[in-house]
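Engineer: Combine both chains into one complex, guided by the hints.
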Amino acid sequence: MTSLYALCDCNNFYASCERVFDPSLNGKPVVVLSNNDGCVIARSNEAKALGIQMGDPFFQIRNLVEHKQVHAFSSNYVLYGDMSDRVMQTLSQFTPHVEVYSIDECFLDLGDFYDIDLFSYAWTIKRTVTQWTGIPVSLGVAPTKALAKVANKLAKKSSKANGVLVLTEPYHIKKALEATKVEDVWGIGGQYAKFLKKHNIHTALDFANASENWVKKHMTVVGVRLLKELRGESCLELEEVTPAKKGICTSRSFGSKLTSFKDVEEATASYAAKCAKKLRSQKSCARLVTVFIQTNPFSEHDKQYYSSKTICMPVATNSDIELIHYATMALKAIFKPHYYYKKSGVIVTEIIPENQIQFDLLDTVDRQKHNSLMKVMDGLTDRFGKSKVQVAAQGLSKSWLLKSDYKSPCYTTKLEEIQIVYNQ
Amino acid sequence: MCSAKVIPINTHVLEQLDFEVLDSITLPLFGSYVSAGFPSPADDYLEDRINLQEYLVQNPTSTYMMRVRGNSMQDANIHDGDVLVIDKSLKPADGLPVVCFLDGEFTVKTFRKINNKAYLYPANPAYKPIEITEEMDMRVWGVVVWILHKPVKR
Numbered sequence: 001m002t003s004l005y006a007l008c009d010c011n012n013f014y015a016s017c018e019r020v021f022d023p024s025l026n027g028k029p030v031v032v033l034s035n036n037d038g039c040v041i042a043r044s045n046e047a048k049a050l051g052i053q054m055g056d057p058f059f060q061i062r063n064l065v066e067h068k069q070v071h072a073f074s075s076n077y078v079l080y081g082d083m084s085d086r087v088m089q090t091l092s093q094f095t096p097h098v099e100v101y102s103i104d105e106c107f108l109d110l111g112d113f114y115d116i117d118l119f120s121y122a123w124t125i126k127r128t129v130t131q132w133t134g135i136p137v138s139l140g141v142a143p144t145k146a147l148a149k150v151a152n153k154l155a156k157k158s159s160k161a162n163g164v165l166v167l168t169e170p171y172h173i174k175k176a177l178e179a180t181k182v183e184d185v186w187g188i189g190g191q192y193a194k195f196l197k198k199h200n201i202h203t204a205l206d207f208a209n210a211s212e213n214w215v216k217k218h219m220t221v222v223g224v225r226l227l228k229e230l231r232g233e234s235c236l237e238l239e240e241v242t243p244a245k246k247g248i249c250t251s252r253s254f255g256s257k258l259t260s261f262k263d264v265e266e267a268t269a270s271y272a273a274k275c276a277k278k279l280r281s282q283k284s285c286a287r288l289v290t291v292f293i294q295t296n297p298f299s300e301h302d303k304q305y306y307s308s309k310t311i312c313m314p315v316a317t318n319s320d321i322e323l324i325h326y327a328t329m330a331l332k333a334i335f336k337p338h339y340y341y342k343k344s345g346v347i348v349t350e351i352i353p354e355n356q357i358q359f360d361l362l363d364t365v366d367r368q369k370h371n372s373l374m375k376v377m378d379g380l381t382d383r384f385g386k387s388k389v390q391v392a393a394q395g396l397s398k399s400w401l402l403k404s405d406y407k408s409p410c411y412t413t414k415l416e417e418i419q420i421v422y423n424q
Numbered sequence: 001m002c003s004a005k006v007i008p009i010n011t012h013v014l015e016q017l018d019f020e021v022l023d024s025i026t027l028p029l030f031g032s033y034v035s036a037g038f039p040s041p042a043d044d045y046l047e048d049r050i051n052l053q054e055y056l057v058q059n060p061t062s063t064y065m066m067r068v069r070g071n072s073m074q075d076a077n078i079h080d081g082d083v084l085v086i087d088k089s090l091k092p093a094d095g096l097p098v099v100c101f102l103d104g105e106f107t108v109k110t111f112r113k114i115n116n117k118a119y120l121y122p123a124n125p126a127y128k129p130i131e132i133t134e135e136m137d138m139r140v141w142g143v144v145v146w147i148l149h150k151p152v153k154r
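Heads up: the protein sequence lines correspond to chains A and B, in order.
Mind the numbering: the first sequence is residues 1 to 424 in UniProt numbering, read in order.
Mind the numbering: the second sequence is residues 1 to 154 in UniProt numbering, read in order.
Be aware that a few hints might be false.
To be verified - DMTMM-like, lysine to aspartate or glutamate: derived pairs with alpha carbons at most 25 Å apart:
| no. | chain 1 | residue 1 | chain 2 | residue 2 |
| --- | --- | --- | --- | --- |
| 1 | A | K68 | B | E105 |
| 2 | A | K336 | A | D302 |
| 3 | B | K91 | A | D85 |
Calculated directly from the structure, the hints in this document are not laboratory data.
This is chain B alone, in the form it adopts within the complex (with noise of 0.2 Å):
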């Protein structure tokens, strides 16, 4: 339990506030509780934490996520067990890896043009690289934007 003391306030100093403003205000919460001691310092420094969900994601409706299994792509960072941060909005330009669904699954490789002729890159000397025909049944579904890798698998 904390306790709370009434605070003088001198009006006359105050800005008037208008209140279709003050509606739209979210007051942060105060670091420390209000006591009858000395009030901390840094109350008036404080800021909302790092919020990661807004770093990763930059367009919420069109974002979506999926894990990955399989090595294919172990060479540009993308492991197995690792989740995708997959933005359906953005189009896939050369260089930039895609999800896509091929064959009757979803995979994911760097997408590439060369010569006006589309490519799916693997990143892993081990596959070949797929070159993207008329005939194939081959949609982008959407641009991986962040990978999330967990430096030691539990």
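One chain only, chain A, in its complex shape (with noise of 0.2 Å):
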């Protein structure tokens, strides 16, 4: 049996998302920003070729956005979390295995089609996406992950391939993998790079043929496996179903810089209580709670602070009213009067399947009561919507909400959001 795989990758999927309802905005660039308009985290092929890098700081192309030069929109992650789920969803008519790798990046196992034209078939897939969601993808073939995210790259790349290439002939592998730089290849990161160009490994292909007890020596048998992977030798199978997260972090900006406690004490309290939400619906729960708060580094005449504090809980919980709990006995030991804070953020670690908790003998805390009241409460937060229930230390307030002033409206789910056709 040969493998064969398929890797379908939104092009600049933020922004095509955007595009999709305001079609003027094609040929023109585009920047999505993070959360709370700080930085830039999505950039049309206009916007790159601007010269505009992923991660500037939203100032930086202020003017630009000012004078129209630039379209800039806040993130929507409402809009683009339907859409990418309208691509998985289309990709999944054409071959019931798929792995959803990240927001806009998709494997297709496509194992049991070698005897159709797979250049048509990628092309179809291609096109259906396209016209079902409006959102432009291409796709890499090849017989394994590593080549098919190598395929991938250069399908963007090149204006031949036009955003189909089918790697299947040996010719064609090795050829490819001559122009991929090794940097570009999947799982190596900047480290390893250097690592390898300073032993004169410059391009996959060079990758691709060292030899296999060098690469066990320097890079693991990660390193091996993806050695493998690029030799057309699949070790990588698709996950279909993503394993419950290690690790789990809320964290914002805030809209504002905020000096009182009780105002961080709040938004640190919303995360933790977003963290344990998250616990419940993957079924888990954690023991270790960080909370981490920091000033703006930006900003040259405010003092600079940063701090972060790890607690133990003695059960592992996924409960809000112990999370926030704990995450605000943190908060009081690192937080420092006189400080203007930008950004707080609650990671859970250590998490372990909600039926593999360990009692504690002295716990007092009513663990039944609390699991019941959670209950009732995602309840409540199904049927009624967010924050309409919530532990009174998130406060009502909400000083710190984020700032997003470019926002799209929520065209595909909100019904008073919807676009409007003009007929005059």
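Structural biologist: What follows is the structure, encoded as structure tokens:
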């Protein structure tokens, strides 16, 4: 049996989502900003051509935005999430086995499709996704996942491929590896790339030709797996079920700078509650909770401060009440007055399945009561919407809420915000 | 609150269900409470309520909604304030109402193909048909499959 994978990747996904509902943005530079409009997190090709970099702070391009040379959007994750879902569902029509790799990437197992004309099948996939969702995608097809990644990158870059590249012939695979820089290979990070270049390995082909022992010695078995994948031997299988997350982080920049403990406490409590909700939805509990706070590193005249504190909870939990309790405790330990805080966050780790909790003999918390309370709270949230019921520590003022001055409507999820068709 | 009563079942008249099948069965909610009284004669005839979403949306993945402003399509039953259900997976064909992007705006018109030429027809004598030419920046965005119209605007 020969393996065969396709990697389908949405082109400039966030920017493309904005364009679906405003086609006048086609051909124009579009950027999407991070939470709180802090920095650039997505760019259309036109924005890339203007030299705007990933992570550029917004104030650096504010001038271009105000003169309408660049169209900026606050991130609209509700819209992007729904559009991603539509893309993935469209893709799952073409094979029963898909792995949603990220919000805009998906692996398709085409192992049973060797006899068909892969090139035309790939084009059918591409055309269908674009027709159904309006999102342009690129496809790379190859015998292994790592090679599919290589094919996808080239499909996007080469104007001849125009978004679809099938790599099944050894000669084509060799040419593709030759044209791929080693730092662009899936899983090779900056440090490894530097190291490999020092040893005269510059392209993916150089790497594929390296000796297995040498790679094992310097890059562990992970490197060997990659080596084999690039040589066409499939080692990475499709992960159709996403494994439960090992750590969950909820952190945001505040809409404005905060100095009072109460405001930071409310924000932090809300992030803790978000973490608890995520834990419950994946049916797990966490043992460690970490809280961090920081001032604005971009501000030159403010005093700078960063600190974090981790607390090991007596029993792993996913209850809002308990997580907020310990997160607040951690915050109290690190909070210093007279600073302008810009961001705080809550990270939960040591995550275990709900049914494997080790109880403490001296535990004073009525866990059953907490559990049923959380169930009721989740039920009310599902019925009446977010933040209708919450733990009091989360506060009501929400003076820390995010800034999103350039947010597009939720075109596909809120009836009040659907696009208008003009009939004049 | 309602109380439940154990109803004795004669096990040998029950069909064997294999568990794989059982897994995929969703049980309908019974129409009446189980009570000590006489069971509702309608319980055996329970069906799902009519699902409007299923009726209006053939292909959920490619279906979107937009709201109408203006009256250029009033004679085609498309009125100001209506909600359009649009299927992007359908190709425009002669006579179908389509949403298209024309001169920087979304607009809804009837798509016509006459003698190999494509047109966008309004449905209001005050407006003229538009012939689609090569150099026009026109894209059909999707095909209108339903018009949701409220009889009385509130």
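Engineer: Taking only the CA atoms, is the gap from B:K91 to A:D85 under or equal to 25 Å?
Structural biologist: OK: B:K91 and A:D85 at ~22 Å, within 25 Å.
Engineer: Is A:K68 within 25 Å of B:E105, Cα to Cα?
Structural biologist: 18 Å, holds
Engineer: Measure nothing beyond the straight line between the CA atoms of A:K336 and A:D302; if it is 25 Å or shorter, mark the hint as holding.
Structural biologist: Satisfied, since the Cα-Cα distance of roughly 14 Å is no more than 25 Å.
The structure meets every hint from the earlier list without exception.
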